[in-house]
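K.L.:
Residues per chain, in single letters:
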Amino acid sequence: MPEKSSQNFPAGETIEVSAAKANRDGAWLFANLAKSQEGIVLMLAVLAFIGFSLFLPSFLSPGNLLALVRSVSILGILALGMAIVVIGRGIDVSMIATMVVSVAWAFVLTRGGLDLELALVVGGLFALAAGMAIGILIAFGEVPPIFATLAAGSIIYGLGRTFFFKLEMQNVPPGYEWFSFFGRAQIFGIPVTVLTFGVLCVVVHLILSRTRFGWLTYAMGNNPEASRITGVPVRPMVVAHYAVSAIVAYGAGLILASSTSAINARLFNSTMIYDILLVVVLGGIGLSGGHGKVRNVILGTIFVGILLNGMTILNIDYTIQNLVKGVVLLLAIVIDSLINPRDEQTSQQGDL
Amino acid sequence: MTPVVEFRNATKEFRGNPAVRDVNITLQKGEVHALLGENGAGKSTLTKLLAGLYPLTSGELLLDGKPIRFESPAQAMAEGVAMVYQETNLVPSMNVAQNIFLGDEGFFNRLRGINIRAQQHLQRLNFHVEPTALVSTLGAAKKQMVEIARAVHHNARIFIFDEPTATLTPEEKEHFFVLLDRLKTDGASVFFISHALEEALGHADRISVLRDGELIVTDRTKNFSRETIVQAMVGRQLTRELYGVGKTLRKSRPPGEKVLSLENVSMGKAVRSATLSVFSGQVTGLFGLVGAGRTEMMKIAAGVLKRDFFHGGRVRVHGEPVRFRVPRQAVNKGIAYITEDRKYDGLFETMGIAQNIYLGKLIQGENPVLLTSMSEAKSQAAEWTKALNIRAINENSKVVELSGGNQQKVVIAKSLIQAPSIVIFDEPTRGVDVGAIAEIHKIIEDLADAGAAVVVISSYLPEVLNLSDRILVARQGRIVEELDTDEATEEKIIYAAVH
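For the protein sequence lines, the chains are A and B, in the order given.
Mapping of the first sequence onto the numbering used here: residues 1 to 352, in sequence order.
Mapping of the second sequence onto the numbering used here: residues 1 to 499, in sequence order.
If you're looking for bench data, these hints aren't it; they were derived computationally from the structure.
Model, not experiment: these values are computed from the prediction.
Built from N, CA and C at the ideal position, the CB exists for glycine as well.
Among these hints, one or two may not hold up.
To be verified - Here are a few chain A residues that sit away from chain B, every Cβ distance over 12 Å (derived from the structure):
| no. | residue |
| --- | --- |
| 1 | 40 |
| 2 | 61 |
| 3 | 65 |
| 4 | 114 |
| 5 | 115 |
| 6 | 133 |
| 7 | 151 |
| 8 | 155 |
| 9 | 206 |
| 10 | 215 |
| 11 | 220 |
| 12 | 221 |
| 13 | 229 |
| 14 | 288 |
| 15 | 298 |
| 16 | 315 |
What the hints assert, rightly or not - Here's a subset of chain B near chain A, in silico, CB distances under 7 Å, partners left out:
| no. | residue |
| --- | --- |
| 17 | 325 |
| 18 | 327 |
| 19 | 348 |
| 20 | 371 |
| 21 | 373 |
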């Protein structure tokens, strides 16, 4: 796992430490920030925030800030699931399909006479089964993750639209007031959605940094073949990754449905999945796997949130918003590969 | 006579750390100049400066007496510098002729025309390679020929060979040196990096020894001997047997219990009905030329590869027949395979030393939500970094920043922390500096003394002779000879491996 460079000074090397401390002024901080993608994104986020605050009077109002955080929370939750998969050197572009189909099916079942509670369990089991099936396809069938999840996404969506429900819009069944808690309620003035994102951040952080599962995930992303030989249960781990991301997607879907009182299957055809990737990549979790932390997801979420919110207030056309997102994503990837080149020569620099 | 290449006070720093320091070296026309030194001595970096892969930090590079500054490898190539890497840079799915003319084709090409021109070119060089053969079907030596032919075609006059013989069989090596002589008589100049001292002594005109980035000595080959070279390389007197100067006489360990046996094991064309046994409390050396299937045999035992399902033979661990589907099962049975290619499947490069070693421990047991932490990793790994004497600038360094020897020790520690009873070392000292070789040999000896069954796969004969209590020789996917350490000689082993 990448450590902050500032922590890398050992106690013994006093000369270097004191030199670093002497230089710890603004310029040094700036130079250090500019060295990592994370730092660049952080600076851009701060710049965007200041810029929007200065030029958009409505941006800084508490109401808008709350709306901002709330609107990106769901994106952030989905990105947490994606982050686990990406750190393990995979990618899951089937998340939205799993999300809409499992949630919509649960609603359809409820309207068919099942209790919502029971229907939600069924929906969850469906998401779990879908995630595990994808994982098995990738781990045992050795299909590249991008193809497996791309195909699986279409299959899941197609299955849902053919057998489970016909209408795109599936409303939350009436008579279950408690269901709106996740999307609408506030605790101490903070929306439950935001709190859920916060709690999930802590949970995922603990999983990644404090459990065996997390450590082995980093190991697999770092070097799959070495993991295998060392004895990491690579295949069960892969299945677990996709199962977790499917469950996370289901949870995000429930919150989304709760806040808007409905789930729209058309989300599958939207750019949402690319927004998730935008958050993950922009935050600094490299697609090559093996590095990145929860704070990268938070950073990416905040930056994307500011960007989207600002553009919405500016009343920029949706198409142009997509254009901007695309350009930002490309820039992030280019900067990432410039800062962290992964070609043979640099990896050989170890044995000069 | 103006030297073809001259470095004047050449210095190259990486993030402030000098890799090459104030080096003055020349290369004359028609000369083979061997560069020797431990890993990390700066020989690769020096040649990469010449090949335009890195710019000089300070100092000068002169070509034919004129100062030059390479901005890119392409520029160096245009000046006639060709670097031949250990792993060849050929396109495996194209044929020989296409590879030779790669980057030099016309807008429209006729395969036949290229084949004919390649044929002529290869004949002029007296290389016996079929121009229409696919590169992926060629052996290592032929690939090297193609690479040289390509360099000559691109008008190269300065060749850099980085460990050219590492992957070659003895016969191919001979052939390689014939090629080298041919290049020389054609007026080419050659820098030649090698770990095998006898090659430098036998084929170079001059030898330079580097240590810690500095040039220690440059002289005509006839003024060197093995001892003086080794001394210059390590800067201290070293046990003689390390480089096979003399074999220490010691009692071989008696075999203990038979813990691992392969019975008529087959896997495709690589392993054909191999039978061997490994006993606890001793070191079993497994020698064979590249392609003899020795790595594959041991990888089958360790579950990394799967033997044929039908007529695949039998593997027994502690007398019990096993068929491993994944390495994890073998690891749980106490078998550790320590890879020959640590970059590919040994290290977690961007992780720290402690994390790398601790991962070996972490995979044991079943509970996935087992809590762990960095301090736990450090305390678990501390014992092993100390026991194996793993040195780093600081404890948070990523393993990719370590020297080859320390990387190898990290890989070893990662396996030994699992307390295996059967340890398989595949080329344990490949790309490892001289000091670390001695330490790794000590680790191997200690393991066997402690009662573990140790297998050492090596293509370096002195190493096999030195370490083993029993020597197995593999050829064409079979074990063809078993020798006791007392009766084994280099000649007997080579004879068995080749005939």
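K.L.:
Could you work out which of the previously given hints the structure breaks and list their numbers from low to high?
P.N.:
Violated: hints 9, 10, 11, 12, 13, 14, 17.
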